[in-house]
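Peer 1: The listed protein sequences correspond, in order, to chains U and L. When we follow numbering that gives the first Met the number 0, the leftmost residue of the first sequence carries the number 0, and every step to the right adds one. When we follow numbering that gives the first Met the number 0, the leftmost residue of the second sequence carries the number 0, and every step to the right adds one.
Treat each hint with caution, since some may be false.
[Said to hold, decoys possible] Among chain L residues calculated to face chain U with C-beta under 10 Å, some are:
1. 257
2. 268
3. 277
4. 300
Derived from the structure by calculation, the hints contain no laboratory data. Quick reminder that beta carbons are idealized off the backbone N, C-alpha and C, glycines included.
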Amino acid sequence: MDYLLEIKGLKTRFYTDEGVVHAVNGVSYGLEEGEILGVVGESGCGKSVHALSILRLIPDPPGKIDSGEIWFDGRDLLKLSGNEIRHVRGKQIAMVFQDPMTSLNPVFTVGFQIMEALTYHQGMDKYQARDRAIELLTMVGIPEANQRVDDYPHQFSGGMRQRAMIAMALSCTPQLLIADEPTTALDVTIQAQIIDLVKRLQQNLGMAVMWITHDLGVVAELANKINVMYAGYIVERGRVKDIFKRPRHPYTRGLLGSLPRLDEAPGTKLVSIPGLPPDLIDLPRGCPFAARCLYAVEKCVADMPPLEAAGEREHIVACWRWEEIIEGAA
Amino acid sequence: MMTTPLVQVRNLKKYFPIHKGTFIQRHVGNIKAVDGVSFDIYRGETLGLVGETGSGKTTVGRTLLRLYEPTGGQVIFDEMDVFSLNESEMRKIRLRMQIIFQDPYSSLNPRMTVGSIVAAPLEVHRVVSGKAKRERIDELLHIVGLNPEFVNRYPHEFSGGQRQRIGIARALAANPDLVVCDEPISSLDVSIQAQVVNLLEELQQKLGLTYLFIAHDLSMVRHISDRMAVMYLGKIVELADRDEIYLRPLHPYTQALMSAVPVPDPEVAEKRHRMILEGDLPSPANPPVGCNFNTRCPFAEEICFQQEPEFVEVQAGHWAACHLVDQFIRS
Numbered sequence: 000m001d002y003l004l005e006i007k008g009l010k011t012r013f014y015t016d017e018g019v020v021h022a023v024n025g026v027s028y029g030l031e032e033g034e035i036l037g038v039v040g041e042s043g044c045g046k047s048v049h050a051l052s053i054l055r056l057i058p059d060p061p062g063k064i065d066s067g068e069i070w071f072d073g074r075d076l077l078k079l080s081g082n083e084i085r086h087v088r089g090k091q092i093a094m095v096f097q098d099p100m101t102s103l104n105p106v107f108t109v110g111f112q113i114m115e116a117l118t119y120h121q122g123m124d125k126y127q128a129r130d131r132a133i134e135l136l137t138m139v140g141i142p143e144a145n146q147r148v149d150d151y152p153h154q155f156s157g158g159m160r161q162r163a164m165i166a167m168a169l170s171c172t173p174q175l176l177i178a179d180e181p182t183t184a185l186d187v188t189i190q191a192q193i194i195d196l197v198k199r200l201q202q203n204l205g206m207a208v209m210w211i212t213h214d215l216g217v218v219a220e221l222a223n224k225i226n227v228m229y230a231g232y233i234v235e236r237g238r239v240k241d242i243f244k245r246p247r248h249p250y251t252r253g254l255l256g257s258l259p260r261l262d263e264a265p266g267t268k269l270v271s272i273p274g275l276p277p278d279l280i281d282l283p284r285g286c287p288f289a290a291r292c293l294y295a296v297e298k299c300v301a302d303m304p305p306l307e308a309a310g311e312r313e314h315i316v317a318c319w320r321w322e323e324i325i326e327g328a329a
Numbered sequence: 000m001m002t003t004p005l006v007q008v009r010n011l012k013k014y015f016p017i018h019k020g021t022f023i024q025r026h027v028g029n030i031k032a033v034d035g036v037s038f039d040i041y042r043g044e045t046l047g048l049v050g051e052t053g054s055g056k057t058t059v060g061r062t063l064l065r066l067y068e069p070t071g072g073q074v075i076f077d078e079m080d081v082f083s084l085n086e087s088e089m090r091k092i093r094l095r096m097q098i099i100f101q102d103p104y105s106s107l108n109p110r111m112t113v114g115s116i117v118a119a120p121l122e123v124h125r126v127v128s129g130k131a132k133r134e135r136i137d138e139l140l141h142i143v144g145l146n147p148e149f150v151n152r153y154p155h156e157f158s159g160g161q162r163q164r165i166g167i168a169r170a171l172a173a174n175p176d177l178v179v180c181d182e183p184i185s186s187l188d189v190s191i192q193a194q195v196v197n198l199l200e201e202l203q204q205k206l207g208l209t210y211l212f213i214a215h216d217l218s219m220v221r222h223i224s225d226r227m228a229v230m231y232l233g234k235i236v237e238l239a240d241r242d243e244i245y246l247r248p249l250h251p252y253t254q255a256l257m258s259a260v261p262v263p264d265p266e267v268a269e270k271r272h273r274m275i276l277e278g279d280l281p282s283p284a285n286p287p288v289g290c291n292f293n294t295r296c297p298f299a300e301e302i303c304f305q306q307e308p309e310f311v312e313v314q315a316g317h318w319a320a321c322h323l324v325d326q327f328i329r330s
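Using the sequences plus the hints, can you model the full thing?
Peer 2: Written as structure tokens, this is what we have:
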């Protein structure tokens, strides 16, 4: 199977005055056409940095992609010239950012900002681009789009801005949409609207989606596959159903246990993960989760476990003891 | 057991004025942040208050503590009318009602040490001093799970979760009866949220606290609460026992809210039918006439656009404000 996007051994670091921040530490995986991949993890686990690395949006300095390959459409994105990568951004791979309040330019109309991509990538003239912008805004559910196209971002509500961002991202029908916590700043009823919208558009347009979030609930609703990230590593990866039903990594298990469920039985106690994530400047030598892990042994502290097959198709986990742990738990 | 309400809130209102004009400020309208809210909080229980951004839930918490002066209504705290108290009486009663704020970064003074932050309520209210004060600080840090040796450190030396623990220690310093928890976990990471929620639950059992737990995360509120109230545009639309409101939500807004929450289980997510609301929250400066949910309600009928529904007890312990509630009870 050929992948649409294949990342091999990606390492991204930030060289700051305090030291080298190891944000992404050797991430490899492939994304198929039409797939929805959920990337989950807590703040500082490298999920956003790895996505920004794909589009080469890492501020340099201090950031630097130290090694790795990112294959997309037969080319290694890391080897493209500045001009070439600009034609990938927005056209083949589009991105929606977390904060709809700050990712739109306040001094241009929403319509102008959507038209910009259309004139640049598609070579449309002003009038064509305007018509297409109205079409896109209608598609993402903005009422009276032919008037709202001339509004400035502050005239839109949070949910509408995020819709406008999605319209902008979809303007050139990209093959891959990267959504970086697109609903985190929104209320649940608006979040449900956006998830529904992306699901529908994904089915109609057949694009692949990478959805980055810390909310496992959203991933369960939306994704086909999950990457669980911790301290810059993928610690577990697999199909959504397998991960939720049979999580192998102690971190994934902890993360699922620490979530209250709306349909939980009364009196359920949350499982909390003790301690804090490691300092990315001073990463431990072995497994980064060892210090918080109930099952950690000497080997875990000494060496980083490799990702290995965890029984089911496409299910992989980076833990020395996953087999013992699930046997003990069963 | 839960028979005497510790707090009774009746028709509470808080309007924020809107002014226009650069030199001559004219009063042109009001943001009706809280517009006639009534509920009780029983001793030892946790009442969860949920709602979306701008629904007025935080304002309820703050007005109830009289951190904002109310526009109208009444709050009875342990048989005292909070809004009629004078300053020195108010200071006394503040000892017994405390608050934990949302943002652990801006709610701790960066120039004060942990010890002096936690001791502030003790000093203001002259509860204890000298050696007894130092012992109390040690004890407080210990019960919230912080090392008492950290007493001379500053807030920036702590992580978000640890800072929230400092905020909790400060709220508990004066041995309060009621603690208003205003989104205490929403700025924390998932694994840390569980730590703080477990701590709040432990402390409630140990110290017999009463919580008003304000949050927008429905699953978390349902987890920690005994009863839940749902707010929409300055009003409580439904209030019931945590299981009752989840299993049999009567107000269409509650129904939509419950179905909008993502469930971390792909099999459940696939099966369930979601009710997706259209549009956004209307402006609280200019709420719709009639039921304020009528702009987004899929069931709205003529009466909903003319008359405001009353908040009534439709079944034992289950309150709702909806004209069509009978219809929902039957289905």
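Peer 1: Flag every earlier hint the structure violates by its number, smallest first.
Peer 2: Hint 4 alone not satisfied by this model.
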